[in-house]
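S.K.: For reference, each letter of the sequence shown is one residue, going 745 to 1080 in my numbering.
Everything labelled a hint here was simulated from the structure, so no lab data went into it. Fair warning: this is a prediction, and the values are worked out from it, not measured in the lab. From the three backbone atoms N, C-alpha and C, an ideal C-beta is built for every residue, glycine too. Treat the hints loosely; a few may be bogus.
As the list claims (entries may be wrong) - Using C-beta positions, here's what the derived DEER-type ranges look like:
no.	residue 1	residue 2	range
1	Ser933	Thr1045	55 to 61 Å
2	Ala1041	Asp785	26 to 32 Å
3	His926	Arg847	29 to 35 Å
4	Asp945	Ala1041	52 to 58 Å
5	Thr922	Ser977	40 to 46 Å
6	Asn925	Glu1018	44 to 50 Å
7	Asp770	His926	22 to 28 Å
8	Gly878	Asp770	23 to 29 Å
9	Gln1058	Ala919	51 to 57 Å
10	Val984	Trp868	30 to 36 Å
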Amino acid sequence: MSYALPLIRAAVIAPIRRWLSEDGRDPGPFLAQADLAWVPDNDPFMLIPLRNAVRLLVAIARSEGPDVPFRIVGRHSASELGLVSAAALRGPTLREGLLRVPRVMPQHSTHELFRVTEDEAGLWISDGWAIKFGEEESLHLTQQYVTALVGAVCSAAGGAGPALSHVAIRPHPEAGLTHLNHWLGDRVSASVDRTLLIHVDTAFAARVFPASIRTAAAAQGTVSWPQLDGDRSLTDDIAVLVASILPHRRPTLDQIAAAVGTSSRSLKRQLQAEGSSFSGILERTRAEISLQKLSSANPPTLKDLATELGYSDQATLTRAVRRWTGQTPSGLKARP
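Please model the complete structure; the sequences and the hints are all you need to start from.
M.R.: In structure tokens, the structure reads:
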């Protein structure tokens, strides 16, 4: 995986936020604990740090119980669980829908390794990560969330019998697997490695999604955002995350280092080795956003743009634009 900074679409935390709100809990403190309070709730395509999304799940589980991923997912219909789930629900059969997921996953997450293979016994779904989460609790909860999402997609195909015929998952370091008995019964076991393995039998995989399910999934649109793989540097990755954060708060070196999974000092050294720096990335990202917006057909006011980019006032932004282009902001306005 070429990305040095693990990123994922903000759609992944939408069901979590919705579950907290509908259950009478304020999502704010949990989002703040995971350093995701800056993420808006109306932009599922935004890229956010993968490690922070995992921290959000851990924070909620420590407050609400170790089976909270199943409870979150179980509250909503499968078509409400994000754009990757919607891609699977377009079917027309469960088999075809699940086989579509590995093709769209690189558009959703940089480090998730979702694979589907099949044999005479049915479909085998494996899910792993090209990063180390650092602790078994994080890995278990992440795998449980993926299992619940896959289960919701399978259950949407309807019919009798269990949607998942077997799940091999890393145990929770304290609760083990007993908290999953309510959801999976005797169909769950401890995985032999750090990869989640899910089996869906042949008969269940052949089921056709109801037309209403496929219509609801199609209404969310075709998954067509850019692929997240490619030959990229750490500098490139940080610029992507800085562009996500900037309209909502000023990103800091410590915040970015935590998202990378390293110390601020180590991050400085890594960027220096690439001939870059955090301050330089911040400056270039501000310049790109400013020039794009000021030259658009409907440019924002200088005051609003200065606030969005974290400048103290519009005069500071004006000086920056002069430094970047040799022109005033008014000189950059789009001409008819």
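S.K.: Looking back at the hints listed earlier, which ones does the structure fail to meet?
M.R.: No numbers; nothing is violated.
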